[in-house]
Amino acid sequence: MKKLREPILADGEVTGHAHRLSSGVEVFEREDGIREFELKHSDVLRHEEHGPITLAPQKYESGRVLEYDHFAEEAKIVAD
Amino acid sequence: MINTLSSQQVKKFPKYVKKWLDIGLSCEPLDFEKAKRAVKKCYKVAGLKSPKYFFQTDSPFSGCIFSYLLQVRNQVWRNQVSNQVSNQVSNQVSNQVWNQVWNQVYGSHESWLSFYDFMHHELKLDCKKLLPLIALSKVCGWWDPYKNHVILQHRHVVLHRDFRGRLHNECDMAVKYRDGWGVYALNGVRVPEWLVLTRAEELDPRELGKITNAQIRAEFVKKVGIDRCFYKLGKVVDKVGHYELGMLDLGDDRARPYLKMLNPSVPDMWHVEGVPIECDTVEKALNFRKPVEMRNIPIREDGESWYQQGDVCVWPKGAASLRMYPSVLT
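Respectively, the protein sequence lines represent chains A and B. Here the numbering used here = 1-based position in the first sequence + 6. Here the numbering used here = 1-based position in the second sequence + 5.
Keep in mind that the hints were calculated from the coordinates and are not lab data. All values derive from a computational prediction rather than experimental measurement. A few of these clues could be false.
Stated by the list, open to error - Under 10 Å between C-beta atoms, here's a sample of chain A residues computed to sit facing chain B:
(1) F43
(2) L51
(3) V84
Unchecked claim - According to the in silico footprint, chain A covers these stretches of chain B (three or more CB under 8 Å from chain A):
(4) 191–198
(5) 262–271
(6) 318–330
Stated by the list, open to error - Below, simulated BS3-like cross-link-like pairs (lysine-lysine); rule was C-alpha separation at most 27 Å, straight line:
(7) B/K41 x B/K133
(8) B/K39 x B/K215
(9) B/K215 x A/K82
(10) B/K152 x B/K45
(11) B/K46 x B/K24
(12) A/K82 x B/K322
(13) B/K322 x A/K65
(14) B/K46 x B/K143
(15) A/K82 x B/K181
(16) B/K181 x B/K244
(17) B/K24 x B/K129
(18) B/K16 x B/K143
(19) B/K240 x B/K24
(20) A/K46 x B/K16
(21) A/K82 x B/K228
(22) B/K322 x A/K8
(23) B/K244 x B/K227
(24) A/K65 x A/K9
(25) B/K49 x B/K181
(26) A/K82 x B/K244
(27) B/K215 x B/K289
(28) B/K23 x B/K181
(29) B/K17 x B/K152
(30) A/K82 x B/K289
(31) B/K24 x B/K215
(32) A/K82 x B/K227
(33) B/K244 x B/K129
(34) B/K41 x B/K143
(35) A/K9 x B/K322
(36) B/K20 x B/K152
(37) B/K134 x B/K152
(38) B/K23 x B/K134
(39) B/K57 x B/K45
Beta carbons: idealized from backbone N, C-alpha and C, even for Gly.
All chains, full assembly: derive it from the sequences and hints.
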């Protein structure tokens, strides 16, 4: 598992936006791409375009949704 | 130690916000002489010898190419090889130039300097070492610092934004530099040139499935219209709330399932995303979309809550079961 430099759960390729927790929260990325973090206090997940989500203190995992590319005939993580 | 700001200090925030927005959005040309003076001071603060040569280019793109050519040119003359290396140069420039972007310093776009500008002038904290960088940001676009030379770039000549301040231009580039290079963008999303320059009625909705980026795809749907992109390409087979599952023919006489979703945070933004052929209900389609690790967790009515913000799902680590739908979706 590697510790990420910033508390970001995902960032957008074409918008420069990011799903971000407060600085000080440590986010780790597993080899399967899933990110883990633990909140000692309540925190807010923010994004420039989406509404904020308040998260209670506990351990979490996060991942990105999938879509199916019918032309490539494969499932893949949604790229935005 | 400073623990709080006074109300007087806080009242000055808008002044600094405006100042640094004006710096970042400025389309003024590079002031070469002032920039050179500022760069020399930056090097001095860093304890480095002042560079000998200063060059100017018209955009980050030409800055990258020039930077790369300067490096490759040094190699060429050292190795004294002609034709083969020239061919390699042209191939390598096109492949490598985008990597060079990340070596650049962002000049007038270094918005983080606003923090130190405020600290220095309002809280009287000693941020003198950053003053040359602040001075440079006011007169220069991006720039490339090297040991013996510096490449200074002009700022953009044109910048278009929508009423929310996002890069947006429905007729031409949203950001344009004097050499013609620039960026096309709609509603803050960087999009390919054809999506801006092609009229909506000339866009073929069947191209939807070939767009691999979800945000660009949403902009395509917005421009073409959800009616042409979804309802006219096939039929709806299931509907739950704002979600609709449609079997769409994207031009090869084969009907494939696509899930249409309303963005809960952005008004009138629809997403149309493919799901596997075995998804014949909205519920199956939504379940497919979850990250694989989540799909392995049993679904129960009294399962633990999970959350979705855009394309990111967050769930409790070690959850024995989860609810079917996110407790909060934004």
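Structure-based check of each hint:
1. F43: With Cβ-Cβ at 9 Å, under 10 Å, it holds.
2. L51: Since the shortest Cβ distance to chain B is 6 Å, the answer is holds.
3. V84: This hint holds: A/V84 lies near chain B, its Cβ roughly 5 Å from the closest one there, short of 10 Å.
4. 191–198: holds (count 4)
5. 262–271: holds (count 3)
6. 318–330: Coverage by chain A holds for the stretch 318–330 of chain B (6 residues, Cβ < 8 Å).
7. B/K41 x B/K133: Given that 27 Å is the threshold and the Cα spacing comes to 18 Å, the pair holds.
8. B/K39 x B/K215: Measuring from Cα to Cα gives roughly 48 Å; hence the hint is violated.
9. B/K215 x A/K82: Measuring from Cα to Cα gives roughly 14 Å; hence the hint holds.
10. B/K152 x B/K45: holds, 12 Å
11. B/K46 x B/K24: holds, 22 Å
12. A/K82 x B/K322: The hint holds at about 23 Å.
13. B/K322 x A/K65: holds, 5 Å
14. B/K46 x B/K143: Status holds; Cα separation ~15 Å.
15. A/K82 x B/K181: violated, 33 Å
16. B/K181 x B/K244: Roughly 43 Å separates the two Cα atoms, so the pair is violated.
17. B/K24 x B/K129: holds, 18 Å
18. B/K16 x B/K143: Holds, at about 23 Å.
19. B/K240 x B/K24: Distance ~53 Å between B/K240 and B/K24 Cα, so the pair is violated.
20. A/K46 x B/K16: violated, 33 Å
21. A/K82 x B/K228: Answer holds: A/K82 to B/K228 is near 25 Å, not above 27 Å.
22. B/K322 x A/K8: holds, 17 Å
23. B/K244 x B/K227: holds, 21 Å
24. A/K65 x A/K9: holds, 15 Å
25. B/K49 x B/K181: violated, 33 Å
26. A/K82 x B/K244: holds, 24 Å
27. B/K215 x B/K289: holds, 23 Å
28. B/K23 x B/K181: holds, 22 Å
29. B/K17 x B/K152: Distance ~39 Å between B/K17 and B/K152 Cα, so the pair is violated.
30. A/K82 x B/K289: Holds, because 17 Å separates the two Cα atoms, which is no more than 27 Å.
31. B/K24 x B/K215: violated, 42 Å
32. A/K82 x B/K227: holds, 23 Å
33. B/K244 x B/K129: Given pair B/K244, B/K129 is violated - Cα atoms ~61 Å apart, limit 27 Å.
34. B/K41 x B/K143: Between B/K41 and B/K143 the Cα gap is close to 12 Å, so the pair holds against 27 Å.
35. A/K9 x B/K322: Given pair A/K9, B/K322 holds - Cα atoms ~17 Å apart, limit 27 Å.
36. B/K20 x B/K152: violated, 36 Å
37. B/K134 x B/K152: Roughly 19 Å separates the two Cα atoms, so the pair holds.
38. B/K23 x B/K134: Holds, at about 23 Å.
39. B/K57 x B/K45: holds, 10 Å
Violation of the numbered hints given earlier is confined to hints 8, 15, 16, 19, 20, 25, 29, 31, 33 and 36; the remaining hints are satisfied by the structure.
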